[in-house]
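Peer 1: Chains R and B, in that order, are what the protein sequence lines are.
By our numbering, the letter at position 181 of the first sequence is numbered 181, and the numbering carries on one by one without gaps.
By our numbering, the letter at position 76 of the second sequence is numbered 76, and the numbering carries on one by one without gaps.
Treat the hints with care, as some may be off.
[Unchecked claim] 25 angstroms max Cα-Cα, derived DMTMM-like pairs, lysine to aspartate or glutamate:
id	chain 1	residue 1	chain 2	residue 2
1	R	LYS31	B	ASP19
2	R	LYS633	B	GLU126
3	R	LYS31	B	GLU146
4	B	LYS2	R	ASP114
5	R	LYS634	B	ASP19
No lab work stands behind these hints: they were computed from the structure.
Read off the chains here:
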Amino acid sequence: MNNYSVIGKDIPRVDGREKATGAAIYTDDIKLPGMLHGKLLRSPVPHARIRSIDVSKARRLPGVKCVITGEDTPKIKYGNWRLFPATQDEYPLAVDKVRFIGDEIAAVAAVDPDTAAEALELIVVDYEELPPVFDVLASVRKNASIIHETSPSNISVDRKIAYGDIKKGFAESDYVREDIFTVHPVSPAYLEPCSSLAQCDQDGRITLWTSTQTPYIVQCLLASTMGMRENDIRVIKPNVGGGFGGKMELRPWEFCAAFMAKLTGKPVKFTLTREEELTTGRRRHPMRLKSKVGFKKDGTLMAKDLHIYLDGGAYNAMGPTATFLCGNFGAMLYRYPNYRFIGQHVYTNKPPASAMRGFGAPQSLFAAESQMNMAAEELGIDPIDLRIKNAMVTGDTIPDVATISSCGFIESLEAVREMSNWKRNRKKNKKGYGIGIGCYSFISGGVFNWFNTQYPFSAAEVKVFSDGTAHLLTMASDIGQGANTVLKQILAEELGLKMEDIRLTAADTAMTPQADLGTWGSRVTLMAGNAIKDAARQIKDVLFGAVSSHFDLNVIFDLECKAGRIQATGKPERGMAFGEAVAMVQKTNRGIPVTAKGYYTPRGKGLVTPAFSFGAQVAEVDVDQETGVVQVKKMYTAHDCGTVINPMAVEGQLEGSIHMGLGYALSEELVMKDGKTLSNTFLDYKLPTAMDMPPGESVSIETYEPEGPMGAKEAGEGLASPTAPAIAEAVYNATGYRCKDLPITPEKILKK
Amino acid sequence: MKHDIQLMVNGDSYSLAIDPSRTLNQVLREDLNLTGTKLGCGSGDCGACTVIVDGRSVSSCLTLAVEVDGKEILTVEGLAPSGEKLHPIQEAFIEKGAIQCGFCTPGMELSAYHLLSQNPTPSEQEIREGLSGNLCRCTGYNKIVEAISVSADRMNRKPSKRKSR
Ligand code: FES
Ligand code: FES
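Isolated chain R, as found in the complex:
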C-alpha cells in the first residue's frame, strides 16, 4: 500500500552515537565558570506550622553565597492546572506551613556541594506540629486535620462522569459484583536524578538548563513564580535520562537555581540525590477503587459504578489529570452502556503523587481488568471471549468524551490468544503454572487545555536549503523515548530526504517555535508529528509550484518529494534535485529563505484525546509452591498503535513497559511509615533486573489512525497498564490467590 522510504523502518536512534560514547550531555554534566552548588532543606515532619526559620548561622559559613527561605521569594503559588487557579497550591519554598516529610523549606548555594550540605545543618526551624493524616479514608472524615487552608475539605478535586442509567443497568443485570481494590505508590525511578542549572545575564534574563519533559511549562511557571515575563526566561532541555511523567512540572530546585542565580549573579546548579528522589519525589498515585459491574448471563456488560479515591499526597501536582483519566479509563475497552464514575483526589501528608507512565490508567485498568477476569470465571465464560463480546470497535463513541477513530482491540485479543496458545495453556494442569490476560487502551495526547496555553499544542519550523538539507526546529522533548528520531523520520519521509540531511534543534524555548506542551500523555508523535507535516506541506506547496512551472506541467499532475528530488510523481526526468528546487524558489524571491511553520491543536476531537491505542497482553507465570515466589516466564503482547513509524523504537517502548509493569505487579513499592518513605535506595526499592525480565513475543496490529501523522498514534505508555492485571490473573490461575491489593508478594500468596 504505502511505499515509505523512512517510515516503518528500524532506523537507529539519531543520538545513539553520542550516548554510546558518553559524549551526550545531561544537565549535571554541565559546568559554568563561577558556578555555585545548591542544596535544599526539607521538612523532617509531615505537617506543621513554621514558627520561625533562622538562617543566620548558615549564611555566615565560609563558602556560602546565598540562603533563601519562602520569605525571601515573591510567594506566588504554581501548579500545572493554570486553567483552574484554585488547584495551584504549591509554593517553590514553604510559606508558613509544611505538608509532607521532604517539603522544601530553604535553599543554600555555596562554592561546593559539601559546604552547601553543611550549611543546611546550621538552619534552625521552629515547627508547631499539627496532626497529620496519612490515609485517604481518614483524610476525608469530617473532623480530619485540614491540609490546605484554601480548601475547605481535604478533597481537592471532584470529578464525575455519568451516562446511561446505572440503576436500570444493574436492575437488568443477571450478575453483579462489587470489589474494592487498592494500589500502592511506586516511583518513576528514571535513572537520571533531577538536575537544573540556571544562569542570569546582564539584563536579568534567565537561562535554565534542566532535566524536564516540559520546557514550555517550566518556562511559564518559572516566569510567574519569579514575577518575571515569560520571554525573559529561556529553558533548554539537554539530554534527559528518563522521565516517565515525573519531570513534567515546575520543581522547587528549578525555581531556586534561577532565583539564586539572579540574587548572586552566578550560575547555580542543583542535582538531587537518589535518596531525595525516592523519598520525596513524585510517584504514581496510590488509589482505593470501589467498582461494581453488572452483566447479563451471556456476558453482555450492562453497567458499571466506579468510585476512586486518589491519594494525592500534600499537593495537587498532576493529580487532577489523573483523576479525570482514571475515570475515563474505567469506561474504556468495553461498551459500558451505563456508567458512573466519581473520582476524588484527596490530600494527605505524604509526598505528592503525580503523573507516571499511564497517568491513572494502570490503577484503573488493574481494577477493571481484574474484575473482568473474576466475572468471566463466575459467568463460566472464557476471559478472552468475554472481552471480545464487549470490545470496543472503530466508530464507537464514549458519550461526551470521544469517538474511537481506529481500534484494533479485537484483533489484539485474537492475536494474543493465538500466540500464547491460550486455550490449551488455560487448561494446563502443571503445579505452579498459570496464565492470565490483561488489556489496555490509552490516549495519544490530551485535548483538555488545563495548562491554559495561548499557543498551539505543538509547533514546528522547517527551513530548507539549496544544499539539499533541512533544519527542523521543535520544542518537542526527547526524554529518552526517541522523539527526535521519530520526528526526523516524519520530516525525512515528507520531504524525500535522508535522516542525515536533517539538522534538528529541539526543546529550547528561546530558539524553537512556540510552543509545545511537552512530553506526557503520549502526545509527541501525533501532535508534533502533525505540526511537522503541516510545515512540510507548506514547503512542498512552494517547491512543487516552482518545479511545476519550470517543467510546464499540466495542473492535473501530482508531484512528489522522493530520494532527494522534487518531481512529477513517478517521473524523475520531470524534476530536479531538492536543493536545486530550493535555490530556484529563493532566486524568484530575491534570496528570501524557504521556511515554513506548522502547527497542531486537536479540535473537534472531544474532551480527552484525538486518538486511542489498544492492546492485550498475556502473562505466563511459575509460582514456587513453597516460597510463593512468582517467576514470570513469558509475556505475549499484541498492540494497536496505528502505523508503526519505527518498529525497533516501538519494541523498545513495549519492553520498557513490561519492565515497569513487572515491577508494579511484583517488586516495586515505596514503603511508607507515618508519612515517611522508608524505601530510600535501590536496594529497598527493587527495580526488576536483567535476570527478572521475561522473554516476550509481540505483534503490532496495524490500523490507520486518521488523526495521526501517517496514521500513527500512541505506543508504549498504555502498555504500562496490562502487565499487572495479566500477572495477577496468571497468579490466580496458578495458585487460587486473587490479588486485589497490589503488589503481589510471596507472603500474600502463601497466606491466601
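Based on these hints, arrange chain B with the ligands on the given structure of chain R.
Peer 2: The following block gives chain B with the ligands in isolation, referenced to the frame of chain R:
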C-alpha cells in the same frame, strides 16, 4: 589534607592533589571532566557509574580516588579512543536499540566489556547475570542482552576470520 595521586585514565596519566574523601566518580566527572561516567544512585546499587580499574569492574561512586592511586582506569570515553571507529559493543548497542535515554548506557557498556573480557562467549543467562548490577529503567534489558551477544559474536569472529584467510 590533600593527597597526591597518579591516575592512568584511558591511557592518559594525571597527577592530582585530592581530598581523601573524594570518590573516583567525583574525580572523573568533576576534576577530569570525563562526564560520560554517570551517577545514578551514589550507593552502589545502579551500575551507572561503572568503570574498569585494572581489569576489574567497579562502582566509581563507592570507590575512593585514593584507593586507585597508580591504577589503570577505563571509562566509556576510552572504549573507542580514536573517536572514529566505535567499539563493537558500542556499535551493537546503537544498532540493536539497546539505548533509550542513555543514562545507563556507559555503565552497561563497561559491564559488558568486563564480562566479555572474562568470558568471550557468554550464554544469554551469563549475560543477564553479568548485567545484574546495572539497572535500566527504559529498555527492559532484552535489547541490551541482544546487543552484547551480537558484539560477542563479532568480536570472536574477527580474529579467526583473519587467521583463515
Ligand atoms: S551511581 Fe554508583 S552504583 Fe549507582
Ligand atoms: S536507557 Fe534509560 S536507563 Fe537504560
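Peer 1: If you test the structure against every hint from before, which numbers come out violated?
Peer 2: 3, 5
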